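A.B. asks: As a plain string of letters, each chain reads:
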Amino acid sequence: MLLADFGTSYCKLLDTDLTEKPTLIATTAIDRTNMHVDIATGHNGKRYAKQYVNELTALARGGLSLIKERTFTLLDCGSRDIKYVRYDNGKIKDMGWNAECGASMGFTIELLEKYYELNFSDMPIPKSSFSITCGVLGMSHIFDAVVSGQSEAEAVAKFVKGIALNAYDFAKRPEKIYLSGGLCDNPLFVGSFPCSVVTLGRYVLLEGLRDSMRCNSA
Amino acid sequence: MSTTTKQRAGIVGVPPLAVMELLATPEFEIFDLDEPQGKIDIESESPFLPRVYCGVLRTVIANSIALQPDIIYIDTGPGKCDCAVHTAIVLEDILPNCAIVRTKNTDAVDFATPLCRTRMNLFEKMSAITASIQHPYSYKALPSCLPTAGFWGVPPRDFTILNLFPDTTHIYGWARCMENKTPDNIELEMHYNPDIPTVFFAQSFCAKTALARHLAAKHPYGLYLDCDVTAGNSAKAKIQAFLELSAT
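One line per chain: the protein sequences are A and G, in this order.
167 is the number that our numbering gives to position 167 of the first sequence; each next residue is one higher, with no gaps.
So our numbering is basically just the index in the second sequence, starting at one, shifted up by 1000.
Derived by calculation from the structure, the hints in this document are not laboratory data.
Incorrect hints may have been included.
[To be verified] DSS-like mimics (lysine-lysine), calculated; alpha carbons at most 30 Å apart, straight line: (1) G:Lys1039 / G:Lys1236; (2) G:Lys1236 / A:Lys50; (3) A:Lys50 / A:Lys21; (4) A:Lys172 / G:Lys1039; (5) A:Lys91 / A:Lys172; (6) A:Lys46 / A:Lys91; (7) A:Lys176 / G:Lys1236; (8) G:Lys1039 / A:Lys68; (9) G:Lys1006 / G:Lys1039; (10) G:Lys1218 / G:Lys1208; (11) G:Lys1039 / A:Lys91; (12) G:Lys1006 / A:Lys46; (13) G:Lys1208 / A:Lys172; (14) G:Lys1208 / G:Lys1236; (15) A:Lys91 / G:Lys1006; (16) A:Lys68 / A:Lys172; (17) A:Lys46 / A:Lys21; (18) A:Lys114 / A:Lys21; (19) A:Lys68 / A:Lys176; (20) A:Lys127 / A:Lys21; (21) A:Lys91 / A:Lys127; (22) G:Lys1218 / G:Lys1039; (23) A:Lys176 / G:Lys1006; (24) G:Lys1208 / A:Lys46; (25) G:Lys1218 / A:Lys68; (26) A:Lys172 / G:Lys1006.
[Claimed, not checked] Incomplete in silico selection of chain G near chain A, CB under 8 Å: (27) Lys1208; (28) Thr1209; (29) Leu1211; (30) Tyr1221; (31) Asp1228; (32) Val1229; (33) Thr1230; (34) Ala1237; (35) Ala1241; (36) Phe1242; (37) Ser1246.
Note that the structure is a prediction, hence the values are computed from the model and not measured.
Even glycine gets a Cβ: it sits at the ideal position worked out from N, Cα and C.
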């Protein structure tokens, strides 16, 4: 069975009959005419799938499969949006999905790294941050800081920290966050959270689809 | 043979029963200005209210401009909100040929809430409740169903979110007060069923967002949700996921 998480920047595919390991491809590289999957999530998923699972459901189910605790907050930071689910003693307690003010966070961070030729894995976590409301509006802070003499790397690091703090606020400031999505691979972003962070990687939603598959066959 | 022209009466909120008894006569044609009336563009109110404002009251202004009622009964009492007090002032200034009558509905006679508790498509159920305020008569008895979900709050500006709920959803909050014809009954408004997953809804920028959020936090299986004029995909996905995940 072919499962897919069609993200804005990357598409994650898993053929459960062939391999345990998912494939990551750029969304722009998808064969839009011939792409057909069995179960999908992600904002482009309905176009290609027989069965569609909404992203919050996939995230929650993925979290339940991967996280041992019964009380947890799982935050997914994607290219264009952020979403979270909170479980309390095994029961869904709260959730949120911000595709507006959370817009373009991951996308903007990736774009800045390439544009300024930075390497987030060897950049120190800044002590302070910019006050960021979203990826797009936060860009002006970088330009202002560079004009006033800060290094590009320092300014971008403050921007990234601002985005992490914004995501933390959105998830209602938990003591510990399970983080999913491509930004798990960004140590500057992960280290900018003011709480304990456990990274789960970018395949949590696929794990949720695997759970949906099991529900279908049960 | 004489012909009579009906007076066009707009209502905002839930005017007192005495007013609705008057309007239920053949002399009046009633328009519920809180609800979208046909294809009236909500942006037509933009010169008169801020865009960041309650979607229901923006709808009131847009409807009033388009429909030009002869008279508007707007409840500005504790059963509505402060925004209605201010909207009444705006209406008075922009519709000089329309009589603006402010009411303070403190009716305390319970009419019962059969619709809120019966098995029915939630969209149709909420439509029936909002329509019921125009009829000052006792309700027909309806069988109650066992609830599997709850919707707490005001009738949303965008009813399409109601399509995501099961037919066995019970209605709570101010919408229940509406059916009971006691919009100023805070005890009834705060009532919820702690045993069923419940979405606590309020219009964005409405003062009731505080109560909705507070009660959702107290409820063991509560989800707070606010939407503006139309519900986006993320709001709909939240409802869908919450109901699905609460059932497992």
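A.B. asks: If a hint holds in the structure, say so; if it doesn't, say that too.
C.D. replies: Evaluation of the provided hints:
1. G:Lys1039 / G:Lys1236: Distance ~23 Å between Lys1039 of chain G and Lys1236 of chain G Cα, so the pair holds.
2. G:Lys1236 / A:Lys50: holds (20 Å)
3. A:Lys50 / A:Lys21: This hinted pair holds, its Cα atoms lying about 22 Å apart.
4. A:Lys172 / G:Lys1039: violated (39 Å)
5. A:Lys91 / A:Lys172: The hint holds at about 17 Å.
6. A:Lys46 / A:Lys91: holds (28 Å)
7. A:Lys176 / G:Lys1236: holds (27 Å)
8. G:Lys1039 / A:Lys68: It is violated: about 51 Å lies between the C-alpha atoms, which goes past 30 Å.
9. G:Lys1006 / G:Lys1039: holds (23 Å)
10. G:Lys1218 / G:Lys1208: Status holds; Cα separation ~15 Å.
11. G:Lys1039 / A:Lys91: Cα-Cα ~42 Å, so violated.
12. G:Lys1006 / A:Lys46: It is violated: about 50 Å lies between the C-alpha atoms, which goes past 30 Å.
13. G:Lys1208 / A:Lys172: OK: Lys1208 of chain G and Lys172 of chain A at ~20 Å, within 30 Å.
14. G:Lys1208 / G:Lys1236: Given that 30 Å is the threshold and the Cα spacing comes to 20 Å, the pair holds.
15. A:Lys91 / G:Lys1006: violated (55 Å)
16. A:Lys68 / A:Lys172: holds (21 Å)
17. A:Lys46 / A:Lys21: holds (23 Å)
18. A:Lys114 / A:Lys21: Holds, at about 27 Å.
19. A:Lys68 / A:Lys176: holds (14 Å)
20. A:Lys127 / A:Lys21: violated (38 Å)
21. A:Lys91 / A:Lys127: violated (36 Å)
22. G:Lys1218 / G:Lys1039: Outside the cut-off at roughly 39 Å; violated.
23. A:Lys176 / G:Lys1006: The given pair, whose Cα atoms are some 64 Å apart, is violated under the 30 Å limit.
24. G:Lys1208 / A:Lys46: It is violated: about 35 Å lies between the C-alpha atoms, which goes past 30 Å.
25. G:Lys1218 / A:Lys68: holds (26 Å)
26. A:Lys172 / G:Lys1006: violated (54 Å)
27. Lys1208: Result: violated, 19 Å to nearest chain A Cβ.
28. Thr1209: violated (14 Å)
29. Leu1211: violated (17 Å)
30. Tyr1221: Holds - the Cβ of Tyr1221 of chain G comes within 8 Å of chain A, reaching about 6 Å at its closest.
31. Asp1228: violated (10 Å)
32. Val1229: violated (14 Å)
33. Thr1230: violated (13 Å)
34. Ala1237: Holds: closest Cβ of chain A sits about 4 Å from Ala1237 of chain G, inside 8 Å.
35. Ala1241: Holds: closest Cβ of chain A sits about 4 Å from Ala1241 of chain G, inside 8 Å.
36. Phe1242: holds (6 Å)
37. Ser1246: The hint holds - Ser1246 of chain G has a Cβ within 8 Å of chain A, the shortest such distance being about 6 Å.
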